[in-house]
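Order-wise, the sequence lines are chains H and L. Here my numbering is used: the first residue of the first sequence is 1, the next is one more, and so on. Here my numbering is used: the first residue of the second sequence is 1, the next is one more, and so on.
Simulated from the structure, these hints should not be mistaken for lab results. Glycine included, each C-beta is placed from N, C-alpha and C at the ideal position. Any given hint might turn out to be false.
[Said to hold, decoys possible] Ranges between beta-carbon positions, derived for each pair:
#, chain 1, residue 1, chain 2, residue 2, range
1, L, Gly246, H, Ser10, 32 to 40 Å
2, H, Leu49, L, Ser236, 29 to 37 Å
3, H, Gly99, L, Tyr330, 41 to 49 Å
4, L, Leu15, H, Leu14, 27 to 35 Å
5, L, Thr315, H, Leu49, 50 to 58 Å
[What the hints assert, rightly or not] The list that follows gives simulated cross-link-like pairs (lysine to any residue, SDA-like), each with its CA atoms no further than 25 Å apart:
#, chain 1, residue 1, chain 2, residue 2
6, L, Lys67, L, Pro166
7, L, Lys71, H, Arg30
8, L, Lys71, H, Ala18
9, L, Lys71, H, Cys19
10, L, Lys383, L, Asp296
11, L, Lys110, L, Lys186
12, L, Lys110, H, Ala46
13, L, Lys67, H, Thr40
14, L, Lys110, L, Phe47
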Amino acid sequence: MRRPRFPAGSPFQLLLLACSFALAGYAGVRLLAGDWWGVTLWFVGAALLHDLVLLPLYAAADRALVRGLGARREWVPYVRVPAALSGLLLLVWFPLISGMVERRYRSATGLPPDGFLARWLLITAVLFGCSALLLALRLRRATKRRPPAVH
Amino acid sequence: MFPAYGRAMRDDPLLPSSPGFWRSPLRGTRFTSVLGLVLLVGITVLFVTGLVSYAAYNPGLSPVNDKTPDKGILGFYLFDWPTGPHWLYRLNQGVHVTLGITLIPVLLAKLWSVIPRLFALPPARSLAHALERVSLLLLVGGALFEFVTGVLNVQLDYVFPGSFYPLHFYGAWVFFAAFVAHALLKTPIALRNLRRLRQEDEGQGEDEGQGEDEEKGEDEEKDILVTPRPAEPTVSRRGALWFVGGGSLLLFATTAGQNSDALRRTALLAPHGGGDPGSGPNGFQINKTAAYAGIDAAETGEDAWRLVVTGRTGTVRLSRARLAAELPLYSAALPIACVEGWSTSDQWWRGVRLRDLAALVGYDGDPPDLFVESLQPRGAFRKAALRANQVADPRSLLALYVNGEELSPDHGYPARIIVPAAPGVLNTKWVARMTFGDL
Numbered sequence: 001m002r003r004p005r006f007p008a009g010s011p012f013q014l015l016l017l018a019c020s021f022a023l024a025g026y027a028g029v030r031l032l033a034g035d036w037w038g039v040t041l042w043f044v045g046a047a048l049l050h051d052l053v054l055l056p057l058y059a060a061a062d063r064a065l066v067r068g069l070g071a072r073r074e075w076v077p078y079v080r081v082p083a084a085l086s087g088l089l090l091l092v093w094f095p096l097i098s099g100m101v102e103r104r105y106r107s108a109t110g111l112p113p114d115g116f117l118a119r120w121l122l123i124t125a126v127l128f129g130c131s132a133l134l135l136a137l138r139l140r141r142a143t144k145r146r147p148p149a150v151h
Numbered sequence: 001m002f003p004a005y006g007r008a009m010r011d012d013p014l015l016p017s018s019p020g021f022w023r024s025p026l027r028g029t030r031f032t033s034v035l036g037l038v039l040l041v042g043i044t045v046l047f048v049t050g051l052v053s054y055a056a057y058n059p060g061l062s063p064v065n066d067k068t069p070d071k072g073i074l075g076f077y078l079f080d081w082p083t084g085p086h087w088l089y090r091l092n093q094g095v096h097v098t099l100g101i102t103l104i105p106v107l108l109a110k111l112w113s114v115i116p117r118l119f120a121l122p123p124a125r126s127l128a129h130a131l132e133r134v135s136l137l138l139l140v141g142g143a144l145f146e147f148v149t150g151v152l153n154v155q156l157d158y159v160f161p162g163s164f165y166p167l168h169f170y171g172a173w174v175f176f177a178a179f180v181a182h183a184l185l186k187t188p189i190a191l192r193n194l195r196r197l198r199q200e201d202e203g204q205g206e207d208e209g210q211g212e213d214e215e216k217g218e219d220e221e222k223d224i225l226v227t228p229r230p231a232e233p234t235v236s237r238r239g240a241l242w243f244v245g246g247g248s249l250l251l252f253a254t255t256a257g258q259n260s261d262a263l264r265r266t267a268l269l270a271p272h273g274g275g276d277p278g279s280g281p282n283g284f285q286i287n288k289t290a291a292y293a294g295i296d297a298a299e300t301g302e303d304a305w306r307l308v309v310t311g312r313t314g315t316v317r318l319s320r321a322r323l324a325a326e327l328p329l330y331s332a333a334l335p336i337a338c339v340e341g342w343s344t345s346d347q348w349w350r351g352v353r354l355r356d357l358a359a360l361v362g363y364d365g366d367p368p369d370l371f372v373e374s375l376q377p378r379g380a381f382r383k384a385a386l387r388a389n390q391v392a393d394p395r396s397l398l399a400l401y402v403n404g405e406e407l408s409p410d411h412g413y414p415a416r417i418i419v420p421a422a423p424g425v426l427n428t429k430w431v432a433r434m435t436f437g438d439l
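Next comes chain L alone, as it looks inside the complex (with noise of 0.2 Å):
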């Protein structure tokens, strides 16, 4: 049918378009099937926790919120975020980047089962093969994407080409796509690969490539994923899915600490792993410190700084000392909860309610949204919007103390926001005017 592509490429084994190039007795659909289940699962729920992260932002509130507002459609499960329970981001954020961490070795495990695959000849035996070629470009190449611009952003390292928003929540889209398409097309045959390995293991144990004759031709990739020339194993198809297991164990291990103040310690290479920022009461975890955002220490001082708020019956000034004086402070023990994957365990904060500052501009019993704009003069999320279910939760704070002592600039004195359930962006710190009304 191709004769360019002759019998020559595909039977020489110096070229890997050859399945005799490829030696390793691990490599088959089963070993391959138990991976791409895997993948199934927890590429589901990261591509899940990955949209709600994004709705998180109540993107759909205020521009500022929303840095892919050309998103269409994409955006249409979006919903108004709650604030509780209170560590719903913190545990989403937590399971969408630890996840995505601990899968990596499936990932590049599965990859590795399936790369005689790539150079399979003939490069396609129908439109319909072809197609699927194409789809598997995206499906590899939005994979690996995704990943990489995951595993570099918590990094703090902005190497990739754009806003990482933008390139992580598109490049999902289009990953996803391909890879509804691959497991629409797969999953059948995995399923039955793992019946199969359940029942063989069951039965006389490993018994790798062989007693298989009765059901072949049912799904063709056996032949090629299987090698003809099967090099020495030097471990069993069970040992490789334990050293890959185990890959994923010692990522998740050195990761997932980031989540808790108590076990920080142990999150040995992550961002925010090993230890705080100093000690004391304001030496918890920091997402951009005041030098970092520009934050000017004059602009903060008790006699230069003036909250500026603004609703219905016009803008009211307040000092700091004026603040506490004059509304009701109160306490919530919440979370910083970061996009990045981290978070910090409940903090003491202390301050004045939202709702109590919109009800001295006009607003008495029914909070609506809130505009927060930071002394911050540059960066992504120095304004930010609230919806008005978060204005209303008596725990939402303009906090003034955290742990029973005054911010520090680096969390944002003299004033920031706290909001239960918020990423941690939208709490903004250095706060210098809010604007209460409909957005």
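Looking at chain H on its own, in the form it has when it is part of the complex (with noise of 0.2 Å):
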């Protein structure tokens, strides 16, 4: 009878690993030599709010987009397109965008802070109407080629 065993695993592998984890270890200690529990925190967090969070997020909504519009399914590109692109800016620059650091960004470069929120709506709407023109476009081109008997 053979015992079920945990096998090691290519030697290769476990030596590359190791030499890996001896860096991450010392460059970690010193990461850590702060404020540990709060890098340790965001380290992991993001991770895990990336993974756990953002990204079931984004899925759902993906998929409630794709349910909603049913039939029309060769309409999903021009609203995922122009949602998707607009909520990465929303991503990368929320803390301009909400104004957040409105007081520091004034006082530190001398720059208006509001117009980000303008901005970034601004594109949203180019990126929409762009979409909606690109559609509206797509539609007429099949209603004109589609046989006459139809109509």
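Assembling the complex is the task here: the two chains are given apart, and the hints tell you how they should meet.
So this is what it looks like as structure tokens:
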């Protein structure tokens, strides 16, 4: 009878990972020298927040979009693309767009802090506008191509 | 082998541990490979430009330049930062920050493409596999930590737990340690996938997930990334890659312009995009205003301000008028380039040469290092050290004028340092005291 055994795996891989952990440990000790709890929270939290919150959220939103459009499946990209691009800009520039760093931004840079929201909204409008225009063109072409009997 | 993780958990499509839970027909090692190879190149450039930026601070010269003094062997590569070409730091930091922002969609897409692996069962097939999964936490956590701290720092949103410099520097090393291991393990597979992809595209066009049985078993990822229960596709693999590229392009287009005065208005969402603070000769980008730095106007007036220069032959005190009268004025066209990844085009500075000031206090023809102190009462870089090669460069000035006018308070009136290729924070504003001598 064979006992189940936990194999070691590739020696090359083990050696490589040992080196990697040694370097990560050397830097990690220094990374954690200050507020070790806060840094650990940010480090691990970033991965968890992405994998367990952000990704499921946008995946669910996309699934809802596909379901919601139902039979008009070919419309999906015309909503998905502008929405995702606009969301991406919001994600990256959230501190500026939301105005949460407004006071520091103004006093440090001497620049007006209130243009970001308007510019983001403008870009979003242009993205959806272009998308709608492309969809309209496509629908029009499809209608023209249809045989007259269908009208 | 692991009875606790029964077949039921692996086969129930309601659980993320089941391959059938993940239904996008896009997923597969080929999609992941393309994104992975882009990141391999991109992140390597980010890491190198990051290290170069640290060297640009001349951290070995003086503790005031070094925010990570306990770096140990991680500073093995440091070198004396040169003064030419004068746009060196501007280019390095522009690439570092702009490329980092541009890669965000690629990173997100890459993480999306491999998410089924996070939940894969059994959690470990071998010791090496178990360690690889621990390493992936450092890889994913490290990547997100670096991108998040970088993106927040350029927006002046200092919410992270500590000072930006040590977090971003040591975090980069932790991340890079895991990144190199991951790259060495996966790049051969990714390259093979890409070759296959090209052959396939030249041959019978797109044919995903099929026709590869003759080579199966070589990379075990294929089995789990390609869904056994594909949903009806809404976009082709190529379309999805264009989509990711489009996201990158949009971020690039709304960011890159903050590195040029002419294109600044195109950087619609970047922190130093949109426009300039005011107009006229002093209407170019400011890192920290006089008010932010706590500069008292009473200290900078013609009667109050005296530049204190110390060297081999003692100390000299100079008013602004005497400074301009006693030493020849020179001009230099140099940019301001910030670690935050924005820069100005060349501004036309006018002032006295640093090496002439050195000569004034006994270093005639052999300028030494220089220690500069600002009037600024607090803040990270109110003191800065410059190396002898920077002091000796004829373009290195203690500037009194810019673009034909007096410096404005926000640009460092009564006098500021400007050195070619140096990071912005080493171009000390509101200079009060200069001490020449070997550091």
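query: Holds or violated: 29 to 37 Å for the Cβ distance of Leu49 of chain H and Ser236 of chain L?
result: Because 30 Å falls inside the window, the suggested range holds.
task: Sort out whether Thr40 of chain H lies within 25 Å of Lys67 of chain L, counting only the CA atoms.
output: holds, 20 Å
task: Confirm or reject the claim that Gly246 of chain L and Ser10 of chain H have a C-beta distance inside 32 to 40 Å.
output: holds, 39 Å
- prompt: Are the Cα atoms of Lys110 of chain L and Lys186 of chain L separated by 25 Å or less?
  reply: It holds: about 13 Å lies between the C-alpha atoms, which stays within 25 Å.
Distance restraint between Lys383 of chain L and Asp296 of chain L, which requires alpha-carbon spacing of 25 Å or less: Holds - the C-alpha atoms of Asp296 of chain L and Lys383 of chain L are around 17 Å apart, at most 25 Å.
- prompt: Is it true that the CA of Lys110 of chain L sits at most 25 Å from the CA of Phe47 of chain L?
  reply: holds, 18 Å
Consistency of beta-carbon spacing, Leu14 of chain H to Leu15 of chain L, with hint 27 to 35 Å: The hint (27 to 35 Å, Cβ to Cβ) holds, given that Leu15 of chain L and Leu14 of chain H are roughly 31 Å apart.
message: Given the hint of 50 to 58 Å, is the C-beta distance from Thr315 of chain L to Leu49 of chain H inside that range or not?
response: The hint (50 to 58 Å, Cβ to Cβ) holds, given that Thr315 of chain L and Leu49 of chain H are roughly 55 Å apart.
query: Can the restraint linking Lys71 of chain L and Arg30 of chain H be considered satisfied, given a maximum Cα separation of 25 Å?
result: holds, 8 Å
message: Hinted pair, alpha-carbon criterion (25 Å max): Lys110 of chain L, Ala46 of chain H. Please report holds or violated.
response: OK: Lys110 of chain L and Ala46 of chain H at ~16 Å, within 25 Å.
query: So does Gly99 of chain H sit 41 to 49 Å from Tyr330 of chain L, Cβ to Cβ?
result: holds, 44 Å
message: Check whether the Cα positions of Lys67 of chain L and Pro166 of chain L lie no farther apart than 25 Å.
response: Judged against 25 Å, a Cα distance of about 7 Å means the pair holds.
Hint check: no violations occur; every hint is consistent with the structure.
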